[in-house]
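**Q** With the hints as your guide, set chain V onto chain A.
Quick note, the sequences are listed as chains A and V, same order. Using UniProt numbering, read the first sequence as starting at 1 and increasing by one per residue. Using UniProt numbering, read the second sequence as starting at 1 and increasing by one per residue.
Among the clues, some could well be false.
The calculated EDC-like cross-link candidates involving lysine to aspartate or glutamate, where the alpha carbons are at most 20 Å apart (straight line), are [what the hints assert, rightly or not]: (1) V:Lys173 to V:Glu149; (2) A:Lys104 to V:Asp17; (3) A:Lys17 to V:Asp215; (4) A:Lys21 to V:Asp147; (5) A:Lys12 to V:Glu202; (6) A:Lys12 to V:Asp209; (7) A:Lys56 to V:Asp142; (8) A:Lys17 to V:Glu208; (9) A:Lys17 to A:Glu54; (10) A:Lys12 to V:Asp148; (11) V:Lys22 to A:Asp103; (12) V:Lys73 to V:Glu191; (13) V:Lys73 to V:Glu117; (14) A:Lys12 to V:Asp21; (15) A:Lys137 to V:Asp21; (16) V:Lys182 to V:Glu208; (17) V:Lys7 to V:Glu113; (18) A:Lys12 to A:Asp27; (19) A:Lys137 to A:Asp96; (20) V:Lys73 to V:Asp5; (21) V:Lys22 to A:Asp146; (22) A:Lys137 to V:Asp17; (23) A:Lys12 to V:Glu208.
Which chain V residues stay away from chain A? Per the calculated CB distances, all over 12 Å, these [said to hold, decoys possible]: (24) Lys22; (25) Ile134; (26) Gly187.
Calculated from the structure, these hints are not laboratory results. Beta carbons: idealized from backbone N, C-alpha and C, even for Gly.
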Amino acid sequence: MMALRELSSLEKSLGLKNPNKYCTQGDKKVPVLHSNNGPSLVGLVTIATHLVQEAKRPELLGGSAEHKALVQQWLEYRLTKVDGCHKDDIKTILKDLNSYLEDKVYLAGNQFTLADTLMYYGIHHIIVDLAIQEKEKHMNVTRWFDHVQHYTGVRHHLPPVVVLRNRVYTSGHH
Amino acid sequence: MGFGDLKTPGGLKVLNDFLADKSYIEGWVPSQADVAVFDAIPSAPSTVQCHALRWYNHIKSFQNQKGSLPGVKKPLGQYGPSGVEDNTAADSKDDDDDMDLFGSDDEEDAEAERLKEERIAAYAAKKSKKPTLIAKSSILLDVKPWDDETDMAKLEECVRSISMDGLLWGQSKLVPVGYGIKKLQIGCVVEDDKVGTDQLEEQITAFEDYVQSMDVAAFNKI
Numbered sequence: 001m002m003a004l005r006e007l008s009s010l011e012k013s014l015g016l017k018n019p020n021k022y023c024t025q026g027d028k029k030v031p032v033l034h035s036n037n038g039p040s041l042v043g044l045v046t047i048a049t050h051l052v053q054e055a056k057r058p059e060l061l062g063g064s065a066e067h068k069a070l071v072q073q074w075l076e077y078r079l080t081k082v083d084g085c086h087k088d089d090i091k092t093i094l095k096d097l098n099s100y101l102e103d104k105v106y107l108a109g110n111q112f113t114l115a116d117t118l119m120y121y122g123i124h125h126i127i128v129d130l131a132i133q134e135k136e137k138h139m140n141v142t143r144w145f146d147h148v149q150h151y152t153g154v155r156h157h158l159p160p161v162v163v164l165r166n167r168v169y170t171s172g173h174h
Numbered sequence: 001m002g003f004g005d006l007k008t009p010g011g012l013k014v015l016n017d018f019l020a021d022k023s024y025i026e027g028w029v030p031s032q033a034d035v036a037v038f039d040a041i042p043s044a045p046s047t048v049q050c051h052a053l054r055w056y057n058h059i060k061s062f063q064n065q066k067g068s069l070p071g072v073k074k075p076l077g078q079y080g081p082s083g084v085e086d087n088t089a090a091d092s093k094d095d096d097d098d099m100d101l102f103g104s105d106d107e108e109d110a111e112a113e114r115l116k117e118e119r120i121a122a123y124a125a126k127k128s129k130k131p132t133l134i135a136k137s138s139i140l141l142d143v144k145p146w147d148d149e150t151d152m153a154k155l156e157e158c159v160r161s162i163s164m165d166g167l168l169w170g171q172s173k174l175v176p177v178g179y180g181i182k183k184l185q186i187g188c189v190v191e192d193d194k195v196g197t198d199q200l201e202e203q204i205t206a207f208e209d210y211v212q213s214m215d216v217a218a219f220n221k222i
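Looking at chain A on its own, in the form it has when it is part of the complex:
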């Protein structure tokens, strides 16, 4: 059901007026959007991309060709690595994101994109459970996460995660 709540929050953050009715298929509960005229759309990223087009916010899918590719890369990462990951994979995910975000403010380019929204929804449950020490260790992920959750209109159904800096734990590198 998480995917349906995400799509509903995404609709709100895009300012779409009429919320869609979704259903799910399969035991993985993949979301499906039926349409009156045309084929139904299956899959979180597919539907999310469609919603962004519907809301006429193409910039959320990336400005340049390079940024568009980066957005797709992170959307794919969300689906393949983050969703349904085992506890052991969490460390890898955090490490990947932390080193990627060391010199970046957003996941794709210098603007907020759908990649940031869906990654935020995707790792929220991981970040909520992180101890302060872990948050300090992956400072860049924590910084990016805190930024996105404060970004107007994205948070919606998710509770805010408190990020407090504790100088006892300094980040490992440099």
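**A** Same frame as chain A, but now just chain V:
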């Protein structure tokens, strides 16, 4: 507040630590605060100071929009961690009037420090409209109803009924968004320390009968 002397590695280190968990100097969007600090740094931070470098490259990408970023440029002593003073010497290349406050005084002796602090205080007192500096922001909110039959007058009443310490409602107007639906665009002035957009959003969307969603259309620091 302040970063020490931003023209020295020590000052850059303070900036680096400050930016480890922040994307911007102030708030969640690029603003004149970032421009003020960016202009004070002589060149890009080294890769050792990865957070400062990340922030520097990001702000650099906004060079064309420098003038239109929100907020007001304040003296460097107004930004950064508390407990650190600002000792950055004025940049002779900088045309910004604010920077002249520090004068061409490059010496760091105590006398010059005291004079600088006095001048900063006098300048801030002169420039601010209130005797005590309270950080305020002017926010423009878009409140969207469910459909074109929602009673917008009642919706506005509900929104205005929200009262919080540090919140002042301003003007409002109805803006058509298509299909006969109008959204309520209402402005408010909030004290940053007391009111956050999250709280406003929660309270406004609590009126579920009238309000479908709320967005921040504009957010300017005063």
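**Q** If a hint holds in the structure, say so; if it does not, say that too.
**A** Structure-based check of all given hints:
1. V:Lys173 to V:Glu149: Answer holds: Lys173 (chain V) to Glu149 (chain V) is near 17 Å, not above 20 Å.
2. A:Lys104 to V:Asp17: 16 Å, holds
3. A:Lys17 to V:Asp215: 13 Å, holds
4. A:Lys21 to V:Asp147: With a Cα-Cα distance of about 17 Å, the restraint between Lys21 (chain A) and Asp147 (chain V) holds, given a limit of 20 Å.
5. A:Lys12 to V:Glu202: 13 Å, holds
6. A:Lys12 to V:Asp209: Cα-Cα ~16 Å, so holds.
7. A:Lys56 to V:Asp142: Roughly 18 Å separates the two Cα atoms, so the pair holds.
8. A:Lys17 to V:Glu208: Roughly 14 Å separates the two Cα atoms, so the pair holds.
9. A:Lys17 to A:Glu54: 11 Å, holds
10. A:Lys12 to V:Asp148: 18 Å, holds
11. V:Lys22 to A:Asp103: At roughly 12 Å apart (the allowed maximum being 20 Å), Asp103 (chain A) and Lys22 (chain V) satisfy the hint.
12. V:Lys73 to V:Glu191: Within the cut-off at roughly 18 Å; holds.
13. V:Lys73 to V:Glu117: Holds, at about 18 Å.
14. A:Lys12 to V:Asp21: Judged against 20 Å, a Cα distance of about 28 Å means the pair is violated.
15. A:Lys137 to V:Asp21: 11 Å, holds
16. V:Lys182 to V:Glu208: At roughly 17 Å apart (the allowed maximum being 20 Å), Glu208 (chain V) and Lys182 (chain V) satisfy the hint.
17. V:Lys7 to V:Glu113: 16 Å, holds
18. A:Lys12 to A:Asp27: 27 Å, violated
19. A:Lys137 to A:Asp96: 13 Å, holds
20. V:Lys73 to V:Asp5: Since the Cα atoms of Lys73 (chain V) and Asp5 (chain V) sit roughly 18 Å apart, the hinted pair holds (cutoff 20 Å).
21. V:Lys22 to A:Asp146: Within the cut-off at roughly 8 Å; holds.
22. A:Lys137 to V:Asp17: 14 Å, holds
23. A:Lys12 to V:Glu208: 13 Å, holds
24. Lys22: At about 6 Å from chain A, Lys22 (chain V) fails to clear the 12 Å cut-off, so the statement is violated.
25. Ile134: Since the minimum Cβ distance to chain A is about 21 Å, Ile134 (chain V) lies beyond 12 Å and the statement holds.
26. Gly187: Answer for Gly187 (chain V): holds, closest chain A Cβ roughly 15 Å.
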